[in-house]
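Quick note on numbering: the sequence shown equals residues -33 to -1, 1 to 165 in mature numbering (1 follows the signal peptide of the UniProt record, and there is no 0).
Hints listed in this document are in silico derivations from the structure and should not be mistaken for laboratory results.
Careful: at least some of the hints might be erroneous.
Said to hold, decoys possible - Cβ pair distances, simulated, as ranges:
1. SER29 with TYR55: 48 to 58 Å
2. HIS115 with SER38: 21 to 31 Å
3. PRO116 with TYR55: 15 to 25 Å
4. VAL39 with GLN113: 29 to 39 Å
5. VAL99 with ASP13: 15 to 25 Å
6. HIS115 with SER67: 49 to 59 Å
7. TYR55 with ASN94: 43 to 53 Å
8. TYR46 with SER82: 16 to 26 Å
Predicted model, so just to flag it, every value in this text is computed and none were measured.
Every residue, glycine too, gets a C-beta built ideally from N, C-alpha and C.
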Amino acid sequence: MTIKRFFPLRLAVAVWAALALWLSFAPAGVAHAETISVQRASLQADNTGWSLDAHFDFDLNSSLEEAVNRSVPLYFMLYFTLSRPRWYWFDEEPVNVSQSMRLSFQPLTNEYRVSTGGLQLRFGSLNEAMAVIKHITSWHVIDRNQVHPGETYDASVRMQLDIALMPKPFQIDAVNNRDWNLSSDWKKFTFTASERAK
């Protein structure tokens, strides 16, 4: 009986020792991938509904900066959702939208460009271009007829680097390279629809 109890205990000790050894030799950066921090987010009334104003804080690591300067475009995806809990059914989700921002470098003109939709902005430095990507303003996300006046909703916003839109060779490298892992958690805040957007 004593021997039978001894072996499971010994096995458990061996497993814990192996786990501790693996953690001690694991690369320090694995658990701390580059992240985007959502500093603030709010909704502002516009002519037909509400627009998002959000500020993100992050820096491009050396690998991403080098890629941009070698004329490899980076695509940043911005996501916004609006939902309202319902006790009798699934949550109502009247809004679920996204927007892509393309950061690129043109060596012939020595300028950085930020493109979104049909709009393209040009900058003399990477810092100036990144400042625009980090501060989202006047992005129309909610139409007036998508919400009920007086109701309170849960709004959420996040940003991530989308490697799926990059050239194929870089997509393959990015899957196994943590330097390309850049994203934020969802930033959640409440929103109460006014009687009418001004």
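Status of the hints after comparison with the structure:
| no. | hint | verdict |
| --- | --- | --- |
| 1 | SER29 with TYR55: 48 to 58 Å | holds, 52 Å |
| 2 | HIS115 with SER38: 21 to 31 Å | violated, 48 Å |
| 3 | PRO116 with TYR55: 15 to 25 Å | holds, 21 Å |
| 4 | VAL39 with GLN113: 29 to 39 Å | holds, 37 Å |
| 5 | VAL99 with ASP13: 15 to 25 Å | holds, 19 Å |
| 6 | HIS115 with SER67: 49 to 59 Å | violated, 30 Å |
| 7 | TYR55 with ASN94: 43 to 53 Å | holds, 51 Å |
| 8 | TYR46 with SER82: 16 to 26 Å | holds, 18 Å |
In summary, the structure is inconsistent with hints 2, 6 from the numbered list given earlier, while agreeing with the others.
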